[in-house]
Amino acid sequence: MTTTHGHGPFIAAIDQGTTSSRCIVFDRDGRIVSVDQKEHEQIFPKPGWVEHDAKEIWTNVQQVVAGAVEKAGITSADVKAIGITNQRETTLLWDKNTGEPVHNAIVWQDTRTDALCKELGRNVGQDRFRRETGLPLASYFSGPKVRWLLDNVEGLRERAERGEILFGTMDSWVIWNLTGGVNGGVHVTDVTNASRTMLMNLRSLAWDERILSSMDIPAAVLPEIRSSAEVYGTAKGGALEGVPVASALGDQQAALFGQTCYDKGEAKSTYGTGTFMLMNTGDEPVQSYNGLLTTVGYRIGDQKPVYALEGSIAVTGSLVQWMRDQMGLINSAAEIETLASSVEDNGGAYFVPAFSGLFAPYWRSDARGVIAGLTRYVTKAHIARAVLEATAWQTREITDAMTKDSGVELTALKVDGGMTSNNLLMQTLSDFLDAPVVRPMVAETTCLGAAYAAGLAVGFWPDTDALRANWRRAAEWTPRMDSDTRDREYKNWLKAVERTMGWIDDES
Amino acid sequence: MARTIQSLERAAAMLRLLAGGERRLGLSDVASALGLAKGTAHGILRTLQQEGFVEQDPASGRYQLGAELLRLGNSYLDVHELRARALVWADDLARSSGESVYLGVLHQQGVLIIHHVFRPDDSRQVLEVGAMQPLHSTALGKVLCAYDPVAHSELADSAREAFTDRTVTGLADLEGVLDLTRARGWASDVEETWAGLASIAAPIHDRRRMPVGAVGITGAVERVCEEGELRAQLVASVRDCARAVSRDLGAGRF
Chain A
1 MTTTHGHGPF IAAIDQGTTS SRCIVFDRDG RIVSVDQKEH EQIFPKPGWV EHDAKEIWTN
61 VQQVVAGAVE KAGITSADVK AIGITNQRET TLLWDKNTGE PVHNAIVWQD TRTDALCKEL
121 GRNVGQDRFR RETGLPLASY FSGPKVRWLL DNVEGLRERA ERGEILFGTM DSWVIWNLTG
181 GVNGGVHVTD VTNASRTMLM NLRSLAWDER ILSSMDIPAA VLPEIRSSAE VYGTAKGGAL
241 EGVPVASALG DQQAALFGQT CYDKGEAKST YGTGTFMLMN TGDEPVQSYN GLLTTVGYRI
301 GDQKPVYALE GSIAVTGSLV QWMRDQMGLI NSAAEIETLA SSVEDNGGAY FVPAFSGLFA
361 PYWRSDARGV IAGLTRYVTK AHIARAVLEA TAWQTREITD AMTKDSGVEL TALKVDGGMT
421 SNNLLMQTLS DFLDAPVVRP MVAETTCLGA AYAAGLAVGF WPDTDALRAN WRRAAEWTPR
481 MDSDTRDREY KNWLKAVERT MGWIDDES
Chain B
1 MARTIQSLER AAAMLRLLAG GERRLGLSDV ASALGLAKGT AHGILRTLQQ EGFVEQDPAS
61 GRYQLGAELL RLGNSYLDVH ELRARALVWA DDLARSSGES VYLGVLHQQG VLIIHHVFRP
121 DDSRQVLEVG AMQPLHSTAL GKVLCAYDPV AHSELADSAR EAFTDRTVTG LADLEGVLDL
181 TRARGWASDV EETWAGLASI AAPIHDRRRM PVGAVGITGA VERVCEEGEL RAQLVASVRD
241 CARAVSRDLG AGRF
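Chains A and B, in that order, give the protein sequences.
Under UniProt numbering, the residue at position 304 of the first sequence is numbered 304, and the numbers go up by one with no gaps.
Under UniProt numbering, the residue at position 117 of the second sequence is numbered 117, and the numbers go up by one with no gaps.
Looking at chain A on its own, in the form it has when it is part of the complex:
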């Protein structure tokens, strides 16, 4: 894509993701002007361990920024701000004086802190820090990963206590390097990323001293917590020399922002390998009693923070991939729709893909996947339909949990991600939720959210109303299912879910 798009000025967004780093240049209408992307190595030192080379990531970020600027045919003078979005929770410690990481980054998927998390739960269990942080003690979050590094890298704890070591999630690492690194780089993180460390108090938005001492983490390593949209510093060197670095948001929060979910009760769901749904709950954090996470949605400058409830589904797009790669029932992911559309209904079959247990809202690690309701009548097409319905029912379970926790009924669901090209899935989703499902015109909502926040910080856009005006509906699916059918099908789904539980004996 080239110059048929609007003229400058522009905003550049950097998405430091789990598998790749990308840079996208946006114009004032929120349209994509250019994209550059580079994958990085996934390092698996042991089963369950996942690491990234942070030096490689920083090199890639510099390359994709230069690449996107070049493809757009612009210079740093045309770019008003840089926004950052990133894979959440991935944890890095580096030397303040040399800029060298002391260890590979430990990626959010890494499970090495499982035992540590159990230990940290002591007699209380996984909810020991939930009231303060909104999170259960699980291996995803950064705090226990920091503790593991301090315990396992020789001499690190002493260096950390002497103030020689900096901790950060990937936003901090990218911003510190962008703003000069060892030559005056700023050591900051934003409230959304900090809310995934398990070290920040959700109400005060400050590091929680009691948790720090429980986890035995010295405060000297921590970055300063800032809002999601303000100028942290300016880029030193590189393709965007002198441009303000003006936003940071975790990837799912960036998608919430890019989907312009600025009002209480607005929600977005991103359908990829897994699915992440976030609902704006306004300026008060809502405690979940139904297995959801409480997190910061975003904070613009010195305005009040906006909180969100989050529910994730482990297996959605990956179930379609499983049908393709392990079962061989389809040749491409898109063919699931062709196969599923060849029948009118599921033929009585229900597929609960609890491949590694049930997640929100059940949290049952003793569950395993089940295909229920099989008869001689059922064909592979019915199974394909059950596969798509599984994603829709799991979304329904999360929205039900959100409604219970927040007391807010979902008015419409904004969707993005690869699976939104599946028309049958989107219609089924609308049928099962009994609510409209809306797809926006820009698929890259994550980068767009980071660009929007950065643009707000430098006055490129005046306010969130202007961003809403940019939002365009590309498609909308409305419910067509009668309520009797929906209720009956939901009951059957719940019966199938029950049958997954207790499969693994003696979980320990």
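Please keep in mind that the hints were generated in silico from the structure rather than gathered at the bench.
All C-beta atoms, glycine included, are put in the ideal place defined by N, C-alpha and C.
Mixed in with the good hints, there may be bad ones.
Output of the computed footprint for chain B on chain A, the stretches with three or more beta carbons under 8 Å from beta carbons of chain B [stated by the list, open to error]:
1. 441–449
2. 471–484
With beta-carbon atoms standing in for the labels, derived distance ranges [said to hold, decoys possible]:
3. GLU227(B) with GLN326(A): 36 to 46 Å
4. ALA412(A) with GLY185(B): 33 to 43 Å
5. GLY185(B) with GLU70(A): 25 to 35 Å
6. ALA232(B) with ASP484(A): 30 to 40 Å
7. ALA37(B) with GLU70(A): 48 to 58 Å
8. GLN56(B) with SER342(A): 23 to 33 Å
9. SER20(A) with SER28(B): 28 to 38 Å
10. LEU329(A) with ALA232(B): 46 to 56 Å
Got chain A; can you put chain B on it based on the hints?
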């Protein structure tokens, strides 16, 4: 350079022509599409039929791919794959043109809408995925007939209803429209199907240069046309989009 065998090349071209969902072609369609004499085309088709690669429908005498070939694993482009590949480009076309975007493929004697992007103006619109449009009067239909010989032969058999007083229904006149479409690489429909609406469409090709569908915009005639002509900027946007999707389809399998 190794020598190539002309009759095998022609046989391969025929199989490509016949490759598709419910495609059936008469002898003359095959011959004219490939620029062969009927006798030559018939000889090759008969050979392919003996090998099981082609079958002849006893009632209509038309040819279609044989079961043997399907068993070899030849698969046509899945329409949902086409939609997935086109999604980003269709969104961009809607943004740049300000009009609604449709993606269509041949289905029986009409155009099946497999993807629809709303006009970006916040007005209430209804998703038209799954709807059918006529072949002879719409921009999408004309593109399919101009580039896909199967669509072309369906056109001759279809009931060509006059929707407005501008609808072209005569076969000879339509041939002229299709020649023009091939010559300039795009088709239009100015109030030939719906009063007050105009459309522009261009062909999407797969990696073997086979026509697999058409993409186009539809909007109020006042916006799409200027002084009686289709706006050149919109034509360029539609053709850019069709080329981008075609390039994407040529980039290898998912």
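- Message: Tell me the hint numbers this structure goes against, listed in increasing order.
- Response: Violated hints (numbers, rising): 3, 6 and 9; every other hint is consistent with the structure.
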